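So the chains spell out like this:
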Amino acid sequence: MTLSVALLLPWVTGAVVAALDGRRRAVGWFAVAVLTATLALLAVLTAQVLTGGSRDVLTGRWPAGVGIVLHADVLGVTFAALSVLVLLAATAHEVLAGVRERVFPGLVLLLAGGLTGLFLTGDVFNFYVFFELAMTASYALTTYGGGPRQLRAAMVFAAVNLLGSFIFLISVAGTYRVTGVLAMHQVAERMPGVDPNAAILVATGFFIAFSVKLGLFPFHFWLPTVYAGARPAVAAILSGAVANIGAYGLLRFGPGMFPGQLRLAATALVVLGAVSLVYGAVLAVARGDVAESLAYSAIGQVGYVLVALGVGGPVGLTAAVLYSIVNALNKTLLFLAVEIRGVLVAGAFAVGALSVAGVPPAAGFVGKLEMFRAGIVVGSASLVVLLVVGSALSLVYMFQIYQGRFWRADPSAEGPASMLSLRLLTAAVALLVLATGLWPEPLLSVSGRAAEALTVGAPG
Amino acid sequence: MILGFALTAAVLFGCGAYLLLKRDLVRVVAGIMLISQCAMVTIIGSSLSRGRAAIGVQPADHVSDPLPQALALTALVIGLATVALLLALVHRVVTVFRTTERDELAAGEAQHEAELEPQRRADRAETVDEPEEQPPGTARVGASTGEEAP
Chain A
1 MTLSVALLLP WVTGAVVAAL DGRRRAVGWF AVAVLTATLA LLAVLTAQVL
51 TGGSRDVLTG RWPAGVGIVL HADVLGVTFA ALSVLVLLAA TAHEVLAGVR
101 ERVFPGLVLL LAGGLTGLFL TGDVFNFYVF FELAMTASYA LTTYGGGPRQ
151 LRAAMVFAAV NLLGSFIFLI SVAGTYRVTG VLAMHQVAER MPGVDPNAAI
201 LVATGFFIAF SVKLGLFPFH FWLPTVYAGA RPAVAAILSG AVANIGAYGL
251 LRFGPGMFPG QLRLAATALV VLGAVSLVYG AVLAVARGDV AESLAYSAIG
301 QVGYVLVALG VGGPVGLTAA VLYSIVNALN KTLLFLAVEI RGVLVAGAFA
351 VGALSVAGVP PAAGFVGKLE MFRAGIVVGS ASLVVLLVVG SALSLVYMFQ
401 IYQGRFWRAD PSAEGPASML SLRLLTAAVA LLVLATGLWP EPLLSVSGRA
451 AEALTVGAPG
Chain B
1 MILGFALTAA VLFGCGAYLL LKRDLVRVVA GIMLISQCAM VTIIGSSLSR
51 GRAAIGVQPA DHVSDPLPQA LALTALVIGL ATVALLLALV HRVVTVFRTT
101 ERDELAAGEA QHEAELEPQR RADRAETVDE PEEQPPGTAR VGASTGEEAP
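Protein sequences appear in the order of chains A and B.
Mapping the first sequence onto this note's numbering, position 321 (from 1) lands on 321, and the numbers just tick up by one.
Mapping the second sequence onto this note's numbering, position 50 (from 1) lands on 50, and the numbers just tick up by one.
No lab work stands behind these hints: they were computed from the structure.
Worth double-checking, as some hints may not be accurate.
Ranges of calculated distance between the beta carbons of each label pair, as one might list FRET restraints [claimed, not checked]:
1. B/PRO59 / A/LEU8: 31 to 39 Å
2. B/ALA81 / A/GLY146: 19 to 27 Å
3. B/VAL26 / A/THR267: 37 to 45 Å
4. A/PRO361 / B/GLN69: 53 to 61 Å
5. B/LEU80 / A/ALA286: 40 to 48 Å
6. B/GLN69 / A/GLN403: 54 to 62 Å
7. A/PRO218 / B/ALA81: 22 to 30 Å
8. A/ASP195 / B/ARG52: 25 to 33 Å
All of these numbers come straight from a predicted model, not from anything done at the bench.
Where a beta carbon is used, it is the ideal one built from N, C-alpha and C, also for glycine.
Make the full structure from the sequences, and use the hints.
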């Protein structure tokens, strides 16, 4: 019940709000209220799933095996709640600053509907449908602002990601061909009996589709243009909420449905993740532009997730889940703080910077700690050294940005302080990052449970 | 038959990928449309089965698998929506940039790059100036970290 309502609420209201003039304050705040309600519903659902185990809903009262299954497990509800939280923060930020285009609130709600559905579905093709709903909303969102840079970003984003989407669709067709089913748990059951060549081909298709979405190293080329070109609130949404699709997809389809193929490709994944990590960090140091540095930093940060996925096992998967969550929060905070000025902002940005670098009071420390644990569990010294190098580089570029942004007496960087409410919102997100770092127990246990659901229970 | 479908899908994907790499934005959209058609052909071809349509079936009838047809229909609708969105986007690009060539769009990026240059020069100037104010021991460190941002 909670599941269906959490899914339908943003979807239906999004369709209605899209027709209204979003520049009016009331419409903007209505969208914020709907997102808050969705987040509350997802929190209730998370509590239910954590205490009572995962839930399934058969849509349309079809008999089992015919209807599409909605499936809420710990991994799904965690990512859904995280994404809606990020959307809520970014929307509140934009409504406070003044919405410039009429479709913005409606698009955010539709994106929330798409993302919630995608994280809570148990069917591969249904995943594609929600995936396209979310992606179409985000293509339109990227044009927000309407300037030449935004349009260019949207064009690049849409062209590259549509190619990724169709590769995903072709892989779905391949999955149906080799297994004859589309429900995730049935695919997982039948996958071991499939011809290994066909299976690895299908798995590679899924991997490419999600890597494009996530901006991993060989598929990252679109990401800097888009993140730097989009408006800060939209960049926060893209890096904090839409990029979760890639991380979730890799986790759900990798260990959840193609564990054999994942083991086969583990070394390749670790190497790709390592290259992504170093490449992103080095280019982030070299770029002068704040938004572009953050974009390259995003490429580097998802490298950690891929390394953790390649390491695998309970420890590696926990690290991957935890790092995805922490990274989404960091990037949201940094992109939101990047364009506002005044008291509190520098502090909020510093918290985000410390978190990306993995310095203790912030949430990033917990993520890095889990990564190091994963590195030590596999007993690879080079992996640990790589993680140290990555962290050191991220410290360099984050404080290079901080220095250029808040210490230089550059007249162009000065300006009237932003609204107090905007600054308070950013400070609230920073406090959330700090609180997660100071009291990491809930996040750790949720990540552990999510990883457990992937490895032990029937996935999907 | 399945080989025919596979070949068609491969040709469609190849043509689509070729068009996607073109400079003209309308051709890019056409490339994406071809690739979406390739996905459609793949779905149909991935589950060909003989039999009558699955409408009003008797228990003894041979029916063809209705699921891929449902998938293809859904995917067609989604493909239509995305192509409409892309065309609208190209239309906006044309009205703003007065061009459909990708090179002209890239010119905007080059301009952005040029705007970054004074900032970087200021960074470099700062790290070069600093040694005069600092004791000689730390001067080299400041200069070397400054070199990392060329």
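Hint check:
no.: 1; hint: B/PRO59 / A/LEU8: 31 to 39 Å; result: holds, 37 Å
no.: 2; hint: B/ALA81 / A/GLY146: 19 to 27 Å; result: holds, 21 Å
no.: 3; hint: B/VAL26 / A/THR267: 37 to 45 Å; result: holds, 43 Å
no.: 4; hint: A/PRO361 / B/GLN69: 53 to 61 Å; result: holds, 57 Å
no.: 5; hint: B/LEU80 / A/ALA286: 40 to 48 Å; result: holds, 42 Å
no.: 6; hint: B/GLN69 / A/GLN403: 54 to 62 Å; result: holds, 60 Å
no.: 7; hint: A/PRO218 / B/ALA81: 22 to 30 Å; result: holds, 29 Å
no.: 8; hint: A/ASP195 / B/ARG52: 25 to 33 Å; result: holds, 30 Å
The structure is consistent with each of the numbered hints, conforming to all of them.
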